[in-house]
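> The primary structure of each chain is shown beneath.
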Amino acid sequence: MSPSTRRAFVIGSAIAAVMPLSSARATPEQMRKAIEAVTRGAKINTGKVTLDIPPLVENGHTVPLSVTVDSPMTDADHVRAIHIFNENNPQPHVLHANLGPRSGRALLSTRIKLNASQRIVAIAELSDGGFWSGAAEVVVTLAACVEEIV
Amino acid sequence: MRRGRWIGLLLMGLSGGAAHAASPDGPFGAMSCSGCHATARGVDTAIPRLNGRPAAEIAAAMRDFQKGERAPTVMGRIAKGYTDPEIDALAAWFAAQRDAP
Amino acid sequence: MQVGAAMVGALAAPRIASAQAVGRVVIVGGGFAGATCARTLKALEPKLAVSLIEPDPVFTACPFSNAVLGGLREIAQQQFTQDGVERAGVTVARRRAVGVDGKTVVLDSGARFQFDRLVLAPGIDINWSGLPGYTEAAAEKMPHAWKAGGQTVLLRRQLEAMDDGGLVVMSAPANPFRCPPGPYERVSLIAHYLKTKKPKSKLVLLDAKDAFSKQRLFQDAWAKLYPGLLEWVPLSKGGKVVSVDPADMTLATDFAKHKAAVANVIPPQRAGRIAEAAGVADRSGWCPVEPVSFESRLRPDIHVIGDAAIMGAMPKSAFSANAQAKVCAVAIVARLAGREPVEPRLINTCYSLVAPDYGITIAGVYKPTNGQLADIPGAGGVSPLDAPQEFRAREALYAEGWFRTITAETFG
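Chains as they are written, first to last, in this note's numbering: chain A, 618 to 767; chain B, 16 to 116; chain C, 88 to 499.
It cannot be assumed that every hint is accurate.
[Said to hold, decoys possible] Within a straight-line C-alpha distance of at most 25 Å, the following computed DMTMM-like cross-link-like pairs (lysine to aspartate or glutamate) qualify:
(1) 296/C x 669/A
(2) 454/C x 99/B
(3) 730/A x 297/C
(4) 95/B x 477/C
(5) 344/C x 473/C
(6) 95/B x 72/B
(7) 324/C x 754/A
[Unchecked claim] What the simulated footprint calls covered on chain C by chain A, stretch by stretch (three residues with Cβ under 8 Å from a Cβ of chain A suffice, anywhere in the stretch; the number is not a length):
(8) 204 to 212
(9) 397 to 407
[Said to hold, decoys possible] Just the calculated beta-carbon pair ranges, DEER-fashion:
(10) 752/A x 306/C: 41 to 51 Å
(11) 646/A x 455/C: 53 to 63 Å
(12) 197/C x 71/B: 26 to 36 Å
(13) 133/C x 663/A: 52 to 62 Å
None of these hints come from the bench; they were simulated from the model.
Note that the structure is predicted; figures quoted are calculated from it, not measured.
Quick reminder that beta carbons are idealized off the backbone N, C-alpha and C, glycines included.
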């Protein structure tokens with residue numbers, strides 16, 4: 618089921634960078650490499666990161682997703698960046714948002730485009746240099762009985 | 016034991032391309048049709064039956080439906096889902112079927 | 088040219104003299120998908136051992152059950168047994184499947200059915216944690232009637248008992264759910280009943296969506312036939328029901344509480360629960376399948392057809408279930424004989440009655456595209472918006488014919 622309507626917003630000083638397009642489709646292997654390019658081989662812990670995305674979407678053009686990271690967001694302990702990766706779109710690294718202690722909360726809400734069913738991974742980069750991840754599977758189907766077929 | 020020449024072999028020759036090879040059990044989309052077009056005898060329905068009708072008749076009707084002729088209710092929209100070779104294959108297949116007792 | 092003798096029901100299937108399909112196929116669920124698949128398998132290959140697991144001795148068809156709610160039809164006209172399927176040579180086990188262990192289906196009796204191929208056609212189950220307040224107990228006061236049978240009769244009795252001037256409140260869920268036009272046909276036929284028998288009554292439909300199947304046709308007909316009687320509240324106008332209270336007979340949205348004399352809650356749904364037990368349902372609660380033979384993407388040798396499956400653009404309907412069942416049977420026979428199944432084409436046509444003599448349709452022709460069933464461009468669509476009454480009457484007549492035909496093919 619789709620989540621209830623969320624206000625889509627990126628808090629505070631987050632900057633979303635869009636990566637250059639490539640024509641080939643990403644693969645799980647490419648996603649792994651793209652993640653490594655960000656973490657540079659550092660250990661990725663599971664936890665702290667909640668990736669909220671509907672399990673089944675009928676319109677891959679605009680899929681709501683939100684990432685929440687469990688962090689006090691203080692000067693001493695905060696989220697520096699949130700990255701979103703996927704396995705099947707042309708580019709594996711779809712979103713990079715910078716945050717800081719001024720962000721208030723480590724919450725990123727946005728919409729992404731998915732052209733096929735796949736796994737989505739969110740990586741949070743913390744101020745202590747640590748990386749944490751959360752993941753979700755999304756099935757992208759087609760809407761049935763849509764009238765605008767001519 | 017051979018049960019006789021299988022019409023599908025003929026159909027494979029008619030429809031173009033390996034991707035369109037006819038199934039032995041009805042060509043493309045044929046099996047969906049019996050949801051509306053009864054094949055069992057004794058069903059009280061205003062929807063016309065197809066089994067055993069001349070292939071040329073069925074093919075002509077499908078082509079007319081595609082053009083919006085014959086004042087169809089739903090068949091115009093359905094007929095547009097079939098290519099010319101698919102229509103010929105369907106028509107030949109229905110012509111060879113018989114209603115179940 | 089010799090043609091193979093016509094078999095029971097749908098198929099006169101001339102058979103090629105080639106590698107025979109051998110093996111055991113077990114089907115779970117005896118509705119439009121399961122029953123059709125079982126008897127089609129037997130018709131195609133009489134030597135196959137085909138078993139059907141279905142706990143209910145009587146199947147109550149959902150299509151046209153809205154006419155029972157409207158007082159236009161008797162529930163008996165909706166009811167069918169598996170006797171015809173048995174006569175077709177299928178072994179019917181009247182038990183419930185509770186799990187799948189390797190290549191064995193386990194029943195509630197403890198009996199085990201081994202399979203070479205398994206077809207799951209369990210339909211839907213209500214998602215009892217999908218709507219706060221809507222529990223199984225709640226369904227006895229606020230029926231869903233989205234699985235036909237006792238619930239249909241219950242809701243009909245409630246409508247009959249309601250005083251003239253009462254408020255009927257319905258709620259419709261977000262996608263995906265069984266039968267996209269269903270809630271709107273139900274609104275229409277309950278409105279027809281109220282208009283003719285309890286004209287001071289009103290009907291409100293609270294919707295978790297902003298658009299629905301055949302929307303313009305329905306709304307056009309409602310304006311013509313039931314002005315002032317019914318109101319559709321879409322999502323963007325606060326239509327989404329967030330909780331219900333059966334003790335109070337209230338349905339709450341973000342903005343209002345609606346108190347109903349009769350409440351019909353069509354709640355969030357999921358694939359029938361055997362799907363989860365078998366490991367073929369994903370976290371959405373529905374079953375992803377490949378679009379040629381409908382084999383599960385999560386478990387090999389298990390096929391899922393009908394409402395339980397994620398079928399791309401092809402909707403959850405009885406017509407679709409019956410069509411998918413036949414394609415699935417052909418594909419399984421091919422596989423068991425060591426052949427690759429041929430890419431299918433499928434049709435769906437959904438008939439809806441806005442009034443007894445006013446029918447509308449939506450149709451689609453589908454083929455596998457990019458890993459799922461997609462509409463063939465240029466084909467399909469809805470009945471014309473501006474059609475004369477004669478056209479509407481003809482579609483209503485064909486709706487009747489369709490029901491008799493599909494039930495004869497599936498259960499006859």
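> If a hint holds in the structure, say so; if it does not, say that too.
Results of checking the hints against the structure:
At most 25 Å may separate the alpha-carbon atoms for a hinted pair to count; residue 296/C and residue 669/A meet this at roughly 21 Å. Of the pairs offered as hints, the one joining residue 454/C and residue 99/B holds, with about 16 Å between alpha carbons and a cut-off of 25 Å not exceeded. The hinted pair formed by residue 730/A and residue 297/C meets the criterion: a straight-line CA distance of about 21 Å does not exceed 25 Å. A threshold of 25 Å between alpha carbons decides the hint, and for residue 95/B with residue 477/C the separation of about 24 Å falls inside it, so the pair holds.
Our distance criterion of 25 Å between C-alpha atoms is broken by residue 344/C and residue 473/C, whose separation comes to about 37 Å. Annotation: proposed proximity of residue 95/B to residue 72/B holds, straight-line Cα distance about 17 Å (limit 25 Å). A distance of roughly 31 Å separates the Cα atoms of residue 324/C and residue 754/A; the hinted pair therefore is violated under the 25 Å criterion. Coverage of the region 204 to 212 of chain C by chain A is violated. Counting CB-CB distances below 8 Å, 0 residues qualify, and the rule asks for three or more.
Here's how the region 397 to 407 of chain C fares: 7 of its residues keep a CB closer than 8 Å to some CB of chain A, so the rule of at least three is met and the hint holds. Hint check: residue 752/A to residue 306/C, Cβ distance near 42 Å, so the stated range 41 to 51 Å holds. Against the hinted window of 53 to 63 Å, the Cβ-Cβ separation of residue 646/A and residue 455/C comes to about 26 Å, which falls outside the hint. Distance hint check for residue 197/C and residue 71/B: the Cβ-Cβ separation is about 58 Å, which falls outside the suggested range of 26 to 36 Å.
Residue 133/C and residue 663/A have their C-beta atoms about 54 Å apart, which keeps the hinted 52 to 62 Å range intact.
Of the numbered hints given earlier, the model fails hints 5, 7, 8, 11, 12; all others are met.
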